[in-house]
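Hey, can you work out the whole structure from these sequences and the hints?
Protein chains in written order, with this note's numbering: chain A, 1 to 275; chain B, 1 to 275; chain C, 1 to 275.
Check the hints yourself; a few may be wrong.
Copies of one chain are not kept apart here, so a pair can be met inside one copy or by any two copies together.
As the list claims (entries may be wrong) - When the alpha-carbon atoms are kept at most 20 Å apart in a straight line, the in silico SDA-like pairs for lysine to any residue are as follows:
#1 K206 x S133
#2 K220 x G262
#3 K206 x A134
#4 K220 x R274
#5 K220 x L170
#6 K206 x L170
#7 K212 x S229
#8 K212 x G83
#9 K220 x E175
#10 K212 x A134
The set of hints was computed from the structure by calculation and includes no laboratory data.
Nothing here was measured: the structure is a model prediction, and the numbers come from that model.
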Amino acid sequence: MTTASRNHASAPIAILTDFGYRDHYAGVLSGVVARIAPNARVIDLSHGIPPQSITAGALVLAHSWRFFPDRTIFLAVVDPGVGTERLPIAIASRAGARFVGPDNGVLMLAAQAAGIQRAVVLESARYRLPATSATFHGRDIFAPAAAWLARGVAITSLGRALPKPQPLKLPEPEESARQVQGEVIYVDGFGNLVTNISGASVVRMKARFREKSLSVRIEKGAAMNLYRSYADAPVNSPLATIGSFDFLEIAVRDSSAERRLGCGVGARVTLSPRG
Amino acid sequence: MTTASRNHASAPIAILTDFGYRDHYAGVLSGVVARIAPNARVIDLSHGIPPQSITAGALVLAHSWRFFPDRTIFLAVVDPGVGTERLPIAIASRAGARFVGPDNGVLMLAAQAAGIQRAVVLESARYRLPATSATFHGRDIFAPAAAWLARGVAITSLGRALPKPQPLKLPEPEESARQVQGEVIYVDGFGNLVTNISGASVVRMKARFREKSLSVRIEKGAAMNLYRSYADAPVNSPLATIGSFDFLEIAVRDSSAERRLGCGVGARVTLSPRG
Amino acid sequence: MTTASRNHASAPIAILTDFGYRDHYAGVLSGVVARIAPNARVIDLSHGIPPQSITAGALVLAHSWRFFPDRTIFLAVVDPGVGTERLPIAIASRAGARFVGPDNGVLMLAAQAAGIQRAVVLESARYRLPATSATFHGRDIFAPAAAWLARGVAITSLGRALPKPQPLKLPEPEESARQVQGEVIYVDGFGNLVTNISGASVVRMKARFREKSLSVRIEKGAAMNLYRSYADAPVNSPLATIGSFDFLEIAVRDSSAERRLGCGVGARVTLSPRG
Numbered sequence: 001m002t003t004a005s006r007n008h009a010s011a012p013i014a015i016l017t018d019f020g021y022r023d024h025y026a027g028v029l030s031g032v033v034a035r036i037a038p039n040a041r042v043i044d045l046s047h048g049i050p051p052q053s054i055t056a057g058a059l060v061l062a063h064s065w066r067f068f069p070d071r072t073i074f075l076a077v078v079d080p081g082v083g084t085e086r087l088p089i090a091i092a093s094r095a096g097a098r099f100v101g102p103d104n105g106v107l108m109l110a111a112q113a114a115g116i117q118r119a120v121v122l123e124s125a126r127y128r129l130p131a132t133s134a135t136f137h138g139r140d141i142f143a144p145a146a147a148w149l150a151r152g153v154a155i156t157s158l159g160r161a162l163p164k165p166q167p168l169k170l171p172e173p174e175e176s177a178r179q180v181q182g183e184v185i186y187v188d189g190f191g192n193l194v195t196n197i198s199g200a201s202v203v204r205m206k207a208r209f210r211e212k213s214l215s216v217r218i219e220k221g222a223a224m225n226l227y228r229s230y231a232d233a234p235v236n237s238p239l240a241t242i243g244s245f246d247f248l249e250i251a252v253r254d255s256s257a258e259r260r261l262g263c264g265v266g267a268r269v270t271l272s273p274r275g
Numbered sequence: 001m002t003t004a005s006r007n008h009a010s011a012p013i014a015i016l017t018d019f020g021y022r023d024h025y026a027g028v029l030s031g032v033v034a035r036i037a038p039n040a041r042v043i044d045l046s047h048g049i050p051p052q053s054i055t056a057g058a059l060v061l062a063h064s065w066r067f068f069p070d071r072t073i074f075l076a077v078v079d080p081g082v083g084t085e086r087l088p089i090a091i092a093s094r095a096g097a098r099f100v101g102p103d104n105g106v107l108m109l110a111a112q113a114a115g116i117q118r119a120v121v122l123e124s125a126r127y128r129l130p131a132t133s134a135t136f137h138g139r140d141i142f143a144p145a146a147a148w149l150a151r152g153v154a155i156t157s158l159g160r161a162l163p164k165p166q167p168l169k170l171p172e173p174e175e176s177a178r179q180v181q182g183e184v185i186y187v188d189g190f191g192n193l194v195t196n197i198s199g200a201s202v203v204r205m206k207a208r209f210r211e212k213s214l215s216v217r218i219e220k221g222a223a224m225n226l227y228r229s230y231a232d233a234p235v236n237s238p239l240a241t242i243g244s245f246d247f248l249e250i251a252v253r254d255s256s257a258e259r260r261l262g263c264g265v266g267a268r269v270t271l272s273p274r275g
Numbered sequence: 001m002t003t004a005s006r007n008h009a010s011a012p013i014a015i016l017t018d019f020g021y022r023d024h025y026a027g028v029l030s031g032v033v034a035r036i037a038p039n040a041r042v043i044d045l046s047h048g049i050p051p052q053s054i055t056a057g058a059l060v061l062a063h064s065w066r067f068f069p070d071r072t073i074f075l076a077v078v079d080p081g082v083g084t085e086r087l088p089i090a091i092a093s094r095a096g097a098r099f100v101g102p103d104n105g106v107l108m109l110a111a112q113a114a115g116i117q118r119a120v121v122l123e124s125a126r127y128r129l130p131a132t133s134a135t136f137h138g139r140d141i142f143a144p145a146a147a148w149l150a151r152g153v154a155i156t157s158l159g160r161a162l163p164k165p166q167p168l169k170l171p172e173p174e175e176s177a178r179q180v181q182g183e184v185i186y187v188d189g190f191g192n193l194v195t196n197i198s199g200a201s202v203v204r205m206k207a208r209f210r211e212k213s214l215s216v217r218i219e220k221g222a223a224m225n226l227y228r229s230y231a232d233a234p235v236n237s238p239l240a241t242i243g244s245f246d247f248l249e250i251a252v253r254d255s256s257a258e259r260r261l262g263c264g265v266g267a268r269v270t271l272s273p274r275g
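As structure tokens, this is what we get:
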């Protein structure tokens with residue numbers, strides 16, 4: 001075994017984009033990383049974020065980062081404003097994770113959960129590709145920054161401090177004594193409808209009412225039961241459960257809730273006792 | 001740094017799921033592996049298995065494992081029963097390959113071909129994530145088990161022995177002196193129709209009859225010729241050949257047999273001499 | 001260069017195919033590589049090339065290779081002629097990159113740009129899998145060749161010299177003093193229409209006419225403005241820009257030009273001054 005793998009000091013880089021799987025766009029990011037940081041392990045978190053959906057990217061990142069090694073560098077490119085004045089940034093967190101991407105909120109759910117320690121603007125020409133295009137900052141600015149971080153370059157070398165990165169604004173659920181009202185904020189690849197009602201919020205309602213009396217409605221649909229898992233529900237009937245996002249989720253066992261209920265992002269969801 | 005990782009003894013982990021490419025579900029498995037076994041090489045075998053299709057997962061695994069390094073750990077998560085009583089298991093094989101996944105048959109075509117040496121139930125809390133969700137055993141139970149195996153933990157440390165994992169039941173073709181009757185069991189991404197008629201079965205028929213006299217019918221369709229390769233057939237006309245699964249396969253050169261013939265899983269297929 | 005990368009002598013392998021993401025076909029290539037070259041880093045460039053589109057594969061490769069490490073081995077399997085007389089080849093380039101795939105042109109845009117130094121036919125049985133199928137040369141011939149190159153085997157060991165690999169024929173734009181006429185040669189995953197009019201050609205037109213006077217038409221559609229970046233254009237209106245392929249590209253900001261303009265591969269595109 002070589003010095004190389006014993007040192008393997010290099011933190012992994014996890015890549016999240018909305019580039020899809022048809023073109024070379026996602027693969028080229030790994031190529032750029034490999035040129036700069038040949039020993040960094042690269043993990044494709046996903047390239048299937050719905051095009052230009054900053055909210056979807058932010059949610060996916062927020063619910064993923066904890067499961068990766070502590071010093072992972074997350075390279076998140078969901079960037080409808082590429083070529084405009086929006087800033088390219090990197091964030092170091094108290095938890096250890098680093099985040100690289102556009103300053104449009106896509107990094108912020110995760111970065112805030114990890115504790116923002118320092119944010120910088122990626123303005124040092126030294127840590128970009130020599131020629132920077134107007135349309136592909138993922139390749140020319142973000143991937144190089146992630147790779148240099150993996151190589152051990154200090155985040156402060158990448159550019160000036162940014163005091164306050166742009167937050168992501170998500171709709172807040174309304175919680176009263178009798179009910180929680182929220183909405184669908186993400187539809188996953190199985191057609192599960194992820195709401196903005198947190199697991200903690202569901203637990204509070206269970207403390208207030210008998211668990212069996214609680215039900216969930218989406219828009220004007222029929223009341224659904226709350227189950228501990230998908231599999232506790234009958235096949236093919238709609239159910240609500242706390243999903244792996246740790247949010248209340250509406251699903252149809254062995255099918256797609258999106259298709260079966262005809263609901264998507266923005267649909268109103270109510271958790272309350274029956275009757 | 002353990003002896004394991006100094007030697008790069010770490011076996012690769014090949015991941016197969018039905019999670020698709022939209023969400024973070026597949027990527028998070030690699031994150032969990034990287035936390036536990038930072039030096040293990042991870043290969044994405046596929047995340048495109050049709051949702052909850054245990055048969056498709058089992059077939060794909062059965063026709064892949066031989067091409068990987070001998071000690072590869074296959075992490076196969078096609079798991080419609082997540083959260084129910086179905087057991088999480090790991091299997092060690094005489095050929096060297098290890099298999100981790102639910103006890104629903106998805107591992108079994110490959111494991112039986114590799115020779116089952118030992119199966120265990122993944123019940124040791126030490127080799128799971130600290131908190132186990134009801135909906136995402138891939139992340140919380142299966143990926144950690146695969147990673148600990150890659151780290152060199154003995155399979156017997158993961159839990160009690162399981163004498164008899166659940167087999168996968170596939171339809172058997174009926175072979176007589178004059179013909180073989182089977183059915184489509186898998187449609188691949190090119191729209192090729194993979195049947196349960198083995199390459200060996202086709203070879204037996206070729207020994208009994210003149211090769212040129214043999215033909216294949218699907219449902220009540222016209223007789224198709226048997227070719228040595230896709231490319232021997234005229235463009236755009238249906239053909240039968242022994243495909244890379246080593247099963248009789250029905251294809252349309254430069255097109256999709258599924259779409260062109262309007263047939264899918266379950267369609268009856270007959271191999272017999274013409275006339 | 002650190003000790004790390006000096007030792008890690010193994011060049012990375014970047015894989016490009018039209019296998020899609022449903023089956024194991026793409027994953028098995030990585031398995032074969034891992035058996036032969038366990039220390040080679042594998043990067044999935046893309047498996048989403050439109051089925052059997054040699055032009056799309058060639059374009060994607062041509063616009064990717066520069067961004068990878070110098071000695072990268074590109075394994076490109078877009079191979080409608082598998083099982084026919086078309087030759088399996090490998091090419092070494094003056095720039096350092098190596099290319100492995102079928103002799104149907106898919107390698108050639110990249111290889112010519114990198115400077116062809118030597119081409120060989122992959123005929124040595126020693127560097128193939130023991131049994132070679134008629135339908136899956138990616139697994140049986142191409143992946144092993146790439147892996148053996150990564151292991152350090154000389155390209156000349158793989159087989160006899162091939163004096164003249166088949167070129168890829170792309171339509172040439174017609175450039176006159178007043179206008180450039182080209183066509184759409186590729187539609188990317190965002191629905192952007194990539195033409196065969198080069199960035200250099202656009203720059204020449206800008207030198208001849210005032211930049212603001214230039215416009216682009218596709219088929220008989222309305223004239224579009226030429227922008228420096230996607231983001232400079234109003235949302236939802238068609239625009240032309242030099243894209244990341246370094247070709248003139250037609251796009252609709254935050255939408256799909258393919259769908260909005262109803263145009264695809266082959267549509268005529270004209271760049272000229274207005275009026």
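Against the structure, the hints:
1. K206 x S133: between (53 Å within a copy, 18 Å between copies)
2. K220 x G262: within (12 Å within a copy, 37 Å between copies)
3. K206 x A134: between (51 Å within a copy, 17 Å between copies)
4. K220 x R274: within (14 Å within a copy, 54 Å between copies)
5. K220 x L170: neither (23 Å within a copy, 43 Å between copies)
6. K206 x L170: Neither way: K206 and L170 sit 24 Å apart in one copy and 44 Å across, limit 20 Å.
7. K212 x S229: Within. Shortest intra-copy distance 14 Å satisfies the 20 Å Cα cut-off; inter-copy 56 Å does not.
8. K212 x G83: between (53 Å within a copy, 19 Å between copies)
9. K220 x E175: Close inside one copy (19 Å), not across copies (56 Å); limit 20 Å.
10. K212 x A134: For K212 and A134, the Cα distance is within 20 Å only across copies (18 Å; inside one copy 56 Å).
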